[in-house]
Amino acid sequence: MADAIFEQLRFTRVYTLKVLGSVAKEAVDVIPAGFNNNILWNAGHVLGAYEQLLYANTGDAGKLPKEFINFFKGGTKPGDWQAEPPSYEEIVTLLEKQVEQVISTYEGRLDEIISKEMKLGSFEIKTVRDMISFNIFHEGLHAGLINGLKRSLGQ
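Take the sequence shown: its position 136, counted from the start at 1, is 136 in our numbering, and no numbers get skipped.
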């Protein structure tokens, strides 16, 4: 039987992909008034968070090139990009594959201590399970932001 955290990860990713699948292609690059980022950035940020927070803190090889991560890490925005980012289709394809990559890498390792513990308020992130749990929460926030961006664009 699969660990519940992996089922939560699958559930959250299915939802995120459903939201992304409902976005009109012409809307992915638009930054509405009042927002700093677009739908493309949010999708890439969700993808990159697992690289930056999970793989990097367990010593496992990441799945994405560093140049990819640099487009979407926290504090960045499309207005600062000096090169062409990965396409929306590429990001969605990588998101579709990422969950099973995470599961195959970390199954049986959920209680392993990560190299850089984090604390968010009273929540302490000490293990692989904690980090996956945080990433699920983080992904849900960005799925909500994507929905907000869609609504602000009249979708």
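Derived from the structure by calculation, the hints contain no laboratory data. The model shown is predicted, which means the values in this text are computed figures rather than measured ones. Backbone N, C-alpha and C define an ideal beta-carbon position, used for all residues, glycine too. Incorrect hints may appear among the rest.
The calculated DSS-like cross-link candidates involving lysine-lysine, where the alpha carbons are at most 30 Å apart (straight line), are [claimed, not checked]: (1) K73 x K126; (2) K25 x K119; (3) K97 x K66; (4) K63 x K18; (5) K66 x K119; (6) K25 x K116; (7) K25 x K73; (8) K77 x K18; (9) K97 x K77; (10) K150 x K116; (11) K97 x K18; (12) K25 x K126; (13) K63 x K77; (14) K97 x K119; (15) K119 x K73; (16) K126 x K116; (17) K126 x K150; (18) K66 x K25; (19) K126 x K63; (20) K63 x K116; (21) K97 x K150; (22) K97 x K25; (23) K77 x K116; (24) K77 x K66; (25) K97 x K116; (26) K73 x K97; (27) K150 x K66; (28) K66 x K18; (29) K116 x K66; (30) K77 x K25; (31) K126 x K97; (32) K150 x K18; (33) K73 x K63; (34) K77 x K119; (35) K73 x K116.
Simulated DEER-style distance windows between Cβ atoms [said to hold, decoys possible]: (36) F11 x Q155: 40 to 50 Å; (37) E26 x N70: 33 to 43 Å; (38) G108 x S22: 16 to 26 Å; (39) L17 x S104: 24 to 34 Å; (40) L110 x S22: 13 to 23 Å.
The hints, checked one at a time:
Distance hint between K73 and K126 is fulfilled; the C-alpha atoms sit about 21 Å from each other, no more than 30 Å. Pair hint K25 plus K119 does not hold up; C-alpha atoms about 37 Å apart against a cutoff of 30 Å. Proposed proximity of K97 and K66 is supported: the alpha carbons are some 18 Å apart, at most 30 Å. Between K63 and K18 the alpha-carbon distance is near 23 Å, which keeps this suggested pair within the 30 Å criterion.
For the hint pairing K66 with K119, the CA-to-CA distance comes to about 25 Å; that is within 30 Å, so the pair holds. For the hint pairing K25 with K116, the CA-to-CA distance comes to about 38 Å; that exceeds 30 Å, so the pair is violated. Using a Cα cut-off of 30 Å, the hinted pair K25 and K73 holds, with the two alpha carbons roughly 23 Å apart. With a C-alpha separation of about 24 Å, the suggested pair K77 and K18 falls inside the 30 Å cut-off, and the hint holds.
At most 30 Å may separate the alpha-carbon atoms for a hinted pair to count; K97 and K77 meet this at roughly 25 Å. With a CA separation close to 35 Å, the supplied pair K150 and K116 exceeds the 30 Å bound. Our distance criterion of 30 Å between C-alpha atoms is met by K97 and K18, whose separation comes to about 15 Å. The suggested pairing of K25 with K126 is violated, with an alpha-carbon distance near 39 Å, which exceeds 30 Å.
Pair hint K63 plus K77 holds up; C-alpha atoms about 22 Å apart against a cutoff of 30 Å. Between K97 and K119 the alpha-carbon distance is near 29 Å, which keeps this suggested pair within the 30 Å criterion. With a CA separation close to 19 Å, the supplied pair K119 and K73 stays within the 30 Å bound. A C-alpha spacing of about 8 Å is found between K126 and K116, which places the hinted pair at or below 30 Å, so the restraint holds.
For the hint linking K126 to K150, the alpha-carbon distance of about 35 Å lies beyond 30 Å, and the restraint is violated. This hinted pair checks out: K66 and K25 have alpha carbons roughly 26 Å apart, not beyond 30 Å. As the CA atoms of K126 and K63 are separated by approximately 22 Å, the hinted pair is consistent with the 30 Å bound. Proposed proximity of K63 and K116 is supported: the alpha carbons are some 20 Å apart, at most 30 Å.
Between the alpha carbons of K97 and K150 the distance comes to roughly 24 Å, so the proposed pair stays at or under 30 Å and holds. Among the hinted pairs, K97 with K25 is consistent with the structure: their alpha-carbon atoms are about 21 Å apart, no more than 30 Å. Of the pairs offered as hints, the one joining K77 and K116 holds, with about 26 Å between alpha carbons and a cut-off of 30 Å not exceeded. For the proposed pair K77 and K66, the alpha carbon gap of about 16 Å is at most 30 Å, so the pair holds.
At roughly 26 Å between alpha-carbon atoms, K97 and K116 fall within 30 Å of each other, so this suggested pair holds. Annotation: proposed proximity of K73 to K97 holds, straight-line Cα distance about 20 Å (limit 30 Å). As the CA atoms of K150 and K66 are separated by approximately 28 Å, the hinted pair is consistent with the 30 Å bound. For the hint pairing K66 with K18, the CA-to-CA distance comes to about 27 Å; that is within 30 Å, so the pair holds.
With a C-alpha separation of about 19 Å, the suggested pairing of K116 with K66 holds against the 30 Å cut-off. Only pairs whose Cα atoms come within 30 Å are accepted, and K77 paired with K25 is accepted, the gap being roughly 19 Å. Taken as a hint, the K126 and K97 pair is honoured in the structure, with Cα atoms around 26 Å apart against an allowance of 30 Å. With a CA separation close to 13 Å, the supplied pair K150 and K18 stays within the 30 Å bound.
For the suggested pair K73 and K63, the alpha carbons sit about 15 Å apart, so the restraint of at most 30 Å is met. Note on K77 and K119: the hinted pairing holds, with a Cα-Cα distance of about 25 Å set against a maximum of 30 Å. For a cut-off of 30 Å, the pair hint linking K73 to K116 stands: about 18 Å separates their Cα positions. Separation of F11 from Q155 is about 23 Å and departs from the stated range, judged on CB atoms against 40 to 50 Å.
For the pair E26 and N70, the beta carbons lie near 26 Å from each other, so the given range of 33 to 43 Å is not met. Take G108 and S22: their Cβ atoms lie about 35 Å apart, and the range 16 to 26 Å is violated. As the Cβ distance of L17 to S104 is approximately 19 Å, the hint placing it in 24 to 34 Å is violated. L110 and S22 have their C-beta atoms about 32 Å apart, which leaves the hinted 13 to 23 Å range violated.
Hint violations for this structure: numbers 2, 6, 10, 12, 17, 36, 37, 38, 39, 40, all remaining hints satisfied.
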